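**Student:** In case you want the letters, here they are:
There are 2 protein chains.
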Amino acid sequence: MRALAAGEKVTRAGVAAEVGLTRATVSTLVDELLAAGLLEERGAQRPGTVGRPGTALGLSATGPAGVGAEIGVDHLAACVVDLRGTVRCRTEAPAANRDRPAPAVLAELAELTARVTKEAQEAGLRPVGTTVAVPGLVGRDRGTVLRAPNLGWEDVPVAAALGANTVVENEANLGALAELWLGGHDRLADFVHVSAEIGIGAALVVEGRLFRGARGFAGELGHVPVRPDGPLCSCGAHGCLETYAGEEALLRSAGVATARGPAALRKAAREGDPAALRALEEAGAALGIALSGAVNLLDPQAVVVGGPLADLAPWLLPGVRRELAARVTDRQWRPEDLVTSRLGRDGVLRGAAYSSVRTVLDDPASWINGSAVTPGGLEG
Amino acid sequence: MRALAAGEKVTRAGVAAEVGLTRATVSTLVDELLAAGLLEERGAQRPGTVGRPGTALGLSATGPAGVGAEIGVDHLAACVVDLRGTVRCRTEAPAANRDRPAPAVLAELAELTARVTKEAQEAGLRPVGTTVAVPGLVGRDRGTVLRAPNLGWEDVPVAAALGANTVVENEANLGALAELWLGGHDRLADFVHVSAEIGIGAALVVEGRLFRGARGFAGELGHVPVRPDGPLCSCGAHGCLETYAGEEALLRSAGVATARGPAALRKAAREGDPAALRALEEAGAALGIALSGAVNLLDPQAVVVGGPLADLAPWLLPGVRRELAARVTDRQWRPEDLVTSRLGRDGVLRGAAYSSVRTVLDDPASWINGSAVTPGGLEG
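Quick mapping for you: the protein sequence lines, in order, are chains X and F.
In this text, residue positions in the first sequence follow numbering that gives the first Met the number 0: the first is 0, and each later residue adds one.
In this text, residue positions in the second sequence follow numbering that gives the first Met the number 0: the first is 0, and each later residue adds one.
Bound-form chain X, shown alone (with noise of 0.2 angstroms):
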């Protein structure tokens, strides 16, 4: 299955190859995946390859697919995607979920995961698991969320709420699996993911896993100090990176009010507006010193930037380029190393969505056999 979600060696014969089975009993698990509805023939492999043309083969269009279910302080989606990762339904809506109960927010957003499902399943689709993307921190359990400052909850059971198969996981977290799983990168197993709603959150991918630390708090990018006698952070520290590049400090110091939106800004500096430049630019120059901090400790092979910051990558990134190139001076860092997500605004979305159908992946044989398939391939 792994294979040929690579989408290499696609006939039977080049799977055997690949994994070092014989053709035979290649053939008789590919069989069983057919029957199973995991896996579809697409015909004749291309000709002009040596030996006896392969069928071709793919994951299958139908069959399983993953539910994943955003909560923004400003709006909530769903989607559904397929074995593939394709984006099969979707839903959003806007939303003040800022202090609004969480009892209504989960309500809304069981209908939207509701609406999608059912249209999942009217085009032949049997969703296996719903992940809930948050902009907060996760209990162990994977069900609760412990705290969510930027919506104001403390210890809400968001996947109770949600039905059967939830898993609830940190959306920055998510963002990192999606340009992970489908970032179109190759070979990308080892990097920084940034990015920023209200608040800066980075995740880190080490060997191809996200990388959770000893308590889950990895990745608080946002509370890396940039400058340390700098402005006074919501955290209590001075000069934090969001003290300088967080939404409401970055729309401030452009002169932008809040209520207007990362949208306005991302328009004045369409426009060449001076105050907008400068604030990116100051901001990028920021996020370039607290990553610098996290290249030199972590060495990892790229820093993504993802996420809504990647709608404002051409005026953040030539600072943060700059003060990369500056500060990682004692080995191969490369300019083409901080990478835009080709994902933008949708990628934590589709992680989650594709996060709740990797399980089946990983374990083809629980859902051939009809086991429960617990969603959440969360560890890559």
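Hint data in this document are derived by calculation from the structure and do not stem from the laboratory.
Among these hints, one or two may not hold up.
Footprint (simulated), chain X over chain F, 3 or more residues, beta carbon under 8 angstroms [to be verified]:
#, stretch
1, 202-216
2, 262-270
3, 293-300
In this text, all values refer to a predicted model and were calculated from it rather than measured experimentally.
Just so you know, even glycine gets a beta-carbon here, dropped at the ideal spot from N, CA and C.
Place chain F on chain X using the hints.
**Tutor:** Okay, now just chain F, sitting in the frame of chain X:
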């Protein structure tokens, strides 16, 4: 072997319960290990426990042993440890290795390792390999020092000069592994280990393994920016941690001549010299700022201060602790999560020696069958 190395369940029955094999199987294995000289019996277990008293078992104090060697800027050292990690022979020589021709350094080191190896053999030990600690970057072959700026070395084939079964490893990494293996901490598997001789290095241990980064450069704490507009660093950037807390900067700011070294600084601090105390306080604060970033990013269980830095702990640590408390606010960071190593300066050398013999713990069968044991159990 691991159950016995941990010093737990030290009878055959205890080991059986621990590893989930039958008493009979464990007895057979134990007899083989006894015959091979890897274990020894230590008489009846202390009374008072339930059931028939078993015979206490322990790792052999004779049998396989590991050789460690250390190339410092101003000294060379070698030692041998047994399977238990106990130092059995040790020798050290002051040396002025900065810019001294590498062949001369290596010839002298080979003499020291030959001396401790002979002494160990005479004590009935059988050294299985040598690990050399160097203050520099080591190639993927684990034999070549790619770059050691403080020695003035580039591309020096260290292992080849020291005979068969030799590997080379960065000193900061070995210091961290020593802390993991021999530091006497209970269940400490995720930590940042800070050490310094001339530069400031850190090594990250994650889930009980060294974290090397994508290209082997992880842990460059010395070049994490503390004040982005601070003093020019030797690396070309401004305000790196090393410009505040590196040995040279620290001695200068304390008004101690570089040639007199850290011992003179320690003496001045002990005598209450105001310049020395202020310099150490400021270096501690800078270290605390850099470590705050590391803790926010990595969420380790602990930060361990080891190596020569540990000798300055009484004066450095208050500043470190204060900055961590002020800047790591978003999680449970407790003052006692900042730990001073109990291994002191010898950590690196002991880590080197123990890593040479750990492969026998990991794979006793190869030892018993007489197949070549390659030193370097460096993955923890």
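**Student:** Taking the hints in turn, state whether each one holds.
**Tutor:** Here is what the structure says about each hint:
Here the stretch 202-216 of chain F counts 9 residues with a CB under 8 angstroms from a CB of chain X, which clears the bar of 3, and the coverage holds. Counting residues of the stretch 262-270 of chain F whose C-beta sits closer than 8 angstroms to any C-beta of chain X gives 0, which falls short of three, so the coverage hint is violated. Coverage of the stretch 293-300 of chain F by chain X holds in this model, with 7 residues showing a Cβ closer than 8 angstroms to a Cβ of that chain against a need of three.
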